[in-house]
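> For this one, chain A is given, so just place chain B on it according to the hints.
Chains as they are written, first to last, in this note's numbering: chain A, 60 to 217; chain B, 8 to 382.
Hints may be right or wrong, so weigh each one.
Straight-line C-alpha distance at most 20 Å; calculated DMTMM-like pairs for lysine to aspartate or glutamate [said to hold, decoys possible]: (1) B:K117 to A:D208; (2) A:K109 to B:E255; (3) A:K206 to B:E105; (4) A:K206 to B:D252; (5) A:K206 to B:D246; (6) A:K109 to B:D252; (7) A:K109 to A:D65.
Since the hints were made in silico from the structure, they are not lab data.
Given next are the chains, with one letter for each unit.
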Amino acid sequence: MQPSRDESSNANAWRATRQGVMAVMARAESAELDAILERLGPVPAASNLKPPEVGLVMLRGRTGGDGAPFNLGEATVSRAAIRLEGGAAGFAYRLGRDLKAARAAAILDALWQDEARRAAVEEALMPVRARLADAAATVRTETAATKVDFFTLVRGED
Amino acid sequence: MYVAAKGGEKAIRNAHALLAKRRRGNRNLPSISLAQIAQQLTLAVDRVMAEGSLYDVELAALAVKQARGDLIEAIFLIRAFRTTLPRFGYAQALDTAEMLVRRRVSATYKDLPGGQLLGPTFDYTHRLLDTSLGVADQANEVDDQAGESKTADDAAAPVSMPRVTDLLGQEGLIEGAPADDGSEPFDITRAPVSYPVDRSTRLQTLARGDEGYLLALGYSTQRGYGRSHPFVGEIRFGDVEVIFDAPELGFEVSLGTVQVTECQSVNQFKGTATTAPQFTRGYGLVFGQCERKALSMALVERALRWEELGEERGAPAQDEEFVLSHCDNVQATGFVEHLKLPHYVDFQAELDLVRRMRAEHEESRRAADMKEAAE
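Next comes chain A alone, as it looks inside the complex:
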């Protein structure tokens, strides 16, 4: 049976929100994730679905920026997959080799899937979101200060 349009748009919205949370956790510092877990505690015990692991992802560019893809070079990525006791499975992927951070992010991903805890997870992530937004705003402000207007000078008639 096809899911009704409402159900599938709800599922899409749920997934998009989860992706947004995972994106923030991929950018969070390890200490930030630890502090959030601490704050949300006590947290049910988590068992690894598979051991946390560091590997490589091949990054790609596009010819001319928008054309056919090519392989650019690899990046280190850590991933973790856990299941909370009596709860959901949580996953995390993030650039870098910090397995502890990946595992913490996977636990938070599982907690977020628990409707009773979702709001608390979202709230605990607010300061991280704010820090990331601040950092991007700082880059934009600093960069905007170096904006130039070049003048072309008319050459003489000699």
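Relative to the frame of chain A, chain B by itself:
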């Protein structure tokens, strides 16, 4: 060929201990931290990531430290490390149009949408040594987490920065990028390369190629060896998001951001019987802030397209096999530097040969003298 040599274990052990001692330098000075290298020798770290073909700032900083600042040695360490890790898969192509731009200039348009943003650049500096940097400064006790400006001014808002090539493209004045037909690009880290290769393979090879080598080849195209009259359509540097289709999730996840430099060169324009003259393009994309490399890559990438664009061949930078098979500095240094390793057996054979040839030469000379004397 060199063959295994036995012995020397103690000498080698001592040499490596001495290397470690020299690396550490004067022990009265503090050891340099990886964070200091990453923060203050950023461009060295970026080069190691680009040519090591592995994006990991901390590892690249470690490699720079371990290699005593020898960047090719550091790149070698990174390449060796990457072979120890499993491959999770391929990310989606980076979208450079959505970059958090830290620098962006065009030499072709002065008034481009989004503006010319100089960012942190050596351009327009006077290249005078700054003696004030020679004075050690103390670390300031500032809070890393505190935002420097929390003002919600306009400058902090995201600005759309279309690529210059997209602007020219709207008028049809410049060739489009080759279309994405959905096929998987060739991966030189997974399969042996046989020439000729397609454009994607060239780009992957050049992206990890040696900066100095590509600089020299790019320079040669400007000096008349396969010249193609380049302009820097645009150079941009900044942060782009990495998106990965996670197999166990069944949807895409954002892994964080990496910094890249992108260069679009805009070149002349012959056209053919069927296509009107239009600007042509070369493309460079490199990890980190590696502007010289991205620009050189774009020049060389454009020169390699001579056949497709109906140009005459004859310049070194147009020779695909030559350019691509010599641009990897790890391969190059491996083969050149292996000459330092024991070649005693090889050399012994050549010694015997040259002795025999000399004896034969002497004999034939004597025979000729005798013949002359007899006549």
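> Taken at face value, is the distance from the CA of D208 of chain A to the CA of K117 of chain B at most 20 Å?
holds (7 Å)
> Starting from K206 of chain A, check that the Cα of E105 of chain B is at most 20 Å away, please.
holds (19 Å)
> Can you confirm whether the C-alpha distance between K206 of chain A and D246 of chain B stays at or below 20 Å?
OK: K206 of chain A and D246 of chain B at ~18 Å, within 20 Å.
> Hinted pair, alpha-carbon criterion (20 Å max): K109 of chain A, D65 of chain A. Please report holds or violated.
Roughly 35 Å separates the two Cα atoms, so the pair is violated.
> Are the Cα positions of K109 of chain A and E255 of chain B separated by 20 Å at most?
holds (12 Å)
> For the pair we were handed, K109 of chain A and D252 of chain B, check the Cα-Cα distance against 20 Å.
holds (18 Å)
> Can the restraint linking K206 of chain A and D252 of chain B be considered satisfied, given a maximum Cα separation of 20 Å?
violated (37 Å)
Violated hints for the displayed structure, listed by number in ascending order: 4, 7.
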